[in-house]
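Protein chains in written order, with numbering that gives the first Met the number 0: chain H, 0 to 273; chain W, 0 to 330; chain D, 0 to 291.
Hints in this document: simulated from the structure, not taken from any laboratory.
Note that this is a predicted model, so its numbers are computed, not measured.
We treat Cβ as the ideally placed atom computed from N, Cα and C, and that holds for glycine.
Do not take every clue at face value.
Covered by chain D, per the in silico footprint, the following chain W stretches (three or more residues, Cβ under 8 Å) [to be verified]: (1) 75 to 81; (2) 115 to 127; (3) 194 to 200.
Chain D residues, not near chain H, derived (Cβ > 10 Å throughout) [unchecked claim]: (4) GLY16; (5) GLU60; (6) GLY85; (7) HIS127; (8) PRO128; (9) LEU148; (10) ILE150; (11) TRP167; (12) VAL170; (13) SER201; (14) ARG229.
Now for the letters of each chain:
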Amino acid sequence: MTRPSPGRRDPDRASSLRLAALFFRVGAQNELQYRLNFVVQLLQSILGVAAGLVGLAVVFAHTNNLGGWSRPQLLVVMGIFLMMNGITQAFIQPSMNLLIADIQKGTLDFPLTKPVDAQVLVSVRSVDIWQAADSLIGLIIVIVGLVQQDVAVHLVDVVSFVLLMLMGTVTIYCFWLMLASTAFWLIKTDEMQELFQGLYRTGQYPVGIYPGWLRYGITFVVPLAFAITVPAEALTGRLEHLALVGAAGLTLALLVISRLLWRRGLKRYGGASS
Amino acid sequence: MTQRPAVKVQSLRKAFDVPVRQPGLKASIGALFKRETREVVAVDELNFEVGAGEVVGFLGPNGAGKTTSLKMLAGLLHPSSGTAEVLGYTPWQRQPAYLRKMALIMGNRNQLQWDLPVLDSFELVRSIYRLPRQQFTETRDEMIALLELGPLVDKPVRNLSLGERMKAEIAGALLHLPAVLFLDEPTIGLDITMQKRIRTFVAEYNRKQGATVLLTSHYMADVQALCKRVIVIDHGTVLFDGGLQRLADEFGSTKTIVARLDVADGATLDTYGRSATNRGDGTWSIQVTRSEVAEVTGRLLAEQAVVDLTIEDPPIEDVIERVFSRGSTPA
Amino acid sequence: MITAEPASAPTAETEPGRFREFRTNASWLWRYYTQFMRLAIITQFQYRAANYFYMIGMIAEPVVYLVVWSTIARTNGGSIGGFTAGTFAAYYIVWTLVRNINIVFTPFGWEQRIKDGELSGLLLQPIHPIHRDLAFFAGWKVIVIILWLPIAAALTLIFHPSLSPTVWQCVVFFLALWGAYLIRSMFLWALGLISLWTTRVSAIFQAYFMAELLLSGRLVPLTLMPKLVRSLAGVLPFQSTFGFPITALTGPITDTQLWHGLLTQLLWIVVGGLIVKLMWRRGIRRFASVGG
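Bound-form chain H, shown alone (with noise of 0.2 Å):
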């Protein structure tokens, strides 16, 4: 939970933060009302993330190393596409499939009446805070596979690591926005949506085992290179300068583009709305 610092010069962006914490808390009571529901979906977060790592477990079973990367490593990348997951399941998605409902059906109105950046608002809206139990449990993975490891981690790279996972979250964000984003236009985007879902899986492992074709697709198609091995890069000393430029100037640029498209499509949305 945030909480807005009274010197901001921004009025708006505090009271968007307000808002996000308050959207926040009002969405944790609510999911208490429901018996059982926590032990549930912790159960559940356990169950995904073990059939991930049993499926790791075969490949140790029969190698220990995979193009590459060492047996810790491989944890350390399994580790992060949890923590990815979790953060894009809890925080990204609830409000981007809101978002896509509400524009197929047409009610996107209640969001654009309020005196709130309309972007900030349909992307704060939902959250489903139980799955981000996953990135707990992505981050002693992750934890576990760096004590394992024997390459030496420093405080740069940590320090890399923790700003390429927030440019990775916002890289994930603008994408999500731009699929959403493309329901102004198409309005049924759910088989799209699958297919990304699908494509999403790649991030499991190393982006480098991939057939070129593949590779060249889960880095600039669905970003998935930048949000998740490079990060697992700079916790196992591979990172070299240019990615991590790289990483911030593809952030930068997908912020800018989503941002313009959400617009685009918002006016179109405007004019056509019935």
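Starting from the known structure of chain H, arrange chains W and D on it as the hints suggest.
Positioned in the frame of chain H, the structure of chains W and D alone reads:
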């Protein structure tokens, strides 16, 4: 014609356990550990018999237990206690032989396939109910004619309007010529013409096939058009069971005359009936007993400058309310 | 399920004998299936484009497995656990077909079915609702198989699978596909019926799917799994729905094993059917008591 009644209901009772949820965060956490329920009695000691070929209307306010009773007779619900027999079968045993002889039509339910032309859905019904070709074709063509579905049968159900869809659903529901028909709010949400069409159709079906019909409705017009006998239900018990005429006579004892008159300001029309209300811009409504209607109308027309005059029935809710307040039991 | 019940209208036949009754029932049921399958094909044909995105998204999973295991095989001197990169490719490409054959009515769909009254509607009909689902998805498969061919061709061009089955293997493969479909239909139907007792079912479903993932041959060929897992898989139905059909075609598999696999499938179809029958009876009684 069998001597045994088509529908026989004895001491039928249905109670539900409904969870109780309190507001507030603390109560929510408490609810994680212990769930409270309370018992809601939907149907309480229902007793009646319906002979073969009868058309009976179930009247009552929302939550009276009408739909629950119908669902039990259709086999969708098990009663908490009591017995029921329809065509000699116990409905909730759901024997295929019983299912082939009955039909339940609920206003908002789709039995037809959404994406397929209506005719294709009908063919599917034929397979499900195992209807011989000859009989099926005759019945189907007759239904299509009676319900004026001709131009619609090649269209997918999703392309039909609400009224057209309802007609198609009814046709589809009766292709197997059930001997017992349960109708739950069959005309809800339809326009007047469509309501009339469906009423005529049901009456015709009853006449031709000798089918027993049980229907629930909010609309007095449905009941008046189709049912000689009504059963009034509230809070799951029968408050009245008898002819429609007797219900209207005993409990629908007043009518309202609505007249537009040129009358001097300040004048009252109390002398004409029990009470007279000025509705504004020259319109008055006068309450009279049924027996007085003709006389009062005559006097009004003779003594006043009447521009327009209508006679309104008391709304069904008022009649029923009167039944409740009298606490009547079946005669 | 369906009781022996003669047609309700007068026909030329008088009281049918038991065998005649059975044949009448069977022919009506066959008619229903062909009609409903046709229906499914037509409606799914209309949603063709939607199908395609879904199918393309679905191949990400086996492609990941394929790439990972091919990489391992290559760095391990060309083969691992008896599989080369080529046979891994074959396994996972056939996987995509079997995966699609395995798609049946989702257990998550039952909650919606109960809520929106579809279940009540099905209960009014004198035919067991499972026939509707079996027929619908069977018809859908026809479309799926057609849509799958170009994907398989593309994957073959990219990953160069090595595949050389005998004629008998192909025959068994075809039979095994439908066996897998029936088994999974039964078991997932039974799973979905749990919704009639409680709405808190997602954890149960997830646990089932995870067990299926690990024990069916979906994650990896079962021969690569430790012995304990393989023994467990041997007494559970999952292998019959996934690993067996794939291995039937890709091999290596002996004729005895092929027969054994088919008989095992038959066994699981029967077991699944019994479970469904039991749960359905109990479940509907509960549904009718609680009111849905």
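Verification of the supplied hints:
1. 75 to 81: Satisfied; 3 residues make the cut.
2. 115 to 127: With 6 residues in contact (Cβ-Cβ under 8 Å with chain D), the coverage given for the stretch 115 to 127 of chain W holds.
3. 194 to 200: With 0 residues in contact (Cβ-Cβ under 8 Å with chain D), the coverage given for the stretch 194 to 200 of chain W is violated.
4. GLY16: holds (52 Å)
5. GLU60: At roughly 6 Å from the nearest Cβ of chain H, GLU60(D) sits no farther out than 10 Å, so the non-interface label is violated.
6. GLY85: Correct as stated: the minimum Cβ-Cβ distance to chain H is 15 Å, above 10 Å.
7. HIS127: holds (31 Å)
8. PRO128: holds (26 Å)
9. LEU148: holds (19 Å)
10. ILE150: holds (13 Å)
11. TRP167: Answer for TRP167(D): holds, closest chain H Cβ roughly 31 Å.
12. VAL170: With a cut-off of 10 Å, VAL170(D) remains clear of chain H, as the shortest Cβ separation is near 32 Å.
13. SER201: violated (6 Å)
14. ARG229: With a cut-off of 10 Å, ARG229(D) remains clear of chain H, as the shortest Cβ separation is near 12 Å.
Against the hints set out earlier in the document, violations occur for numbers 3, 5 and 13.
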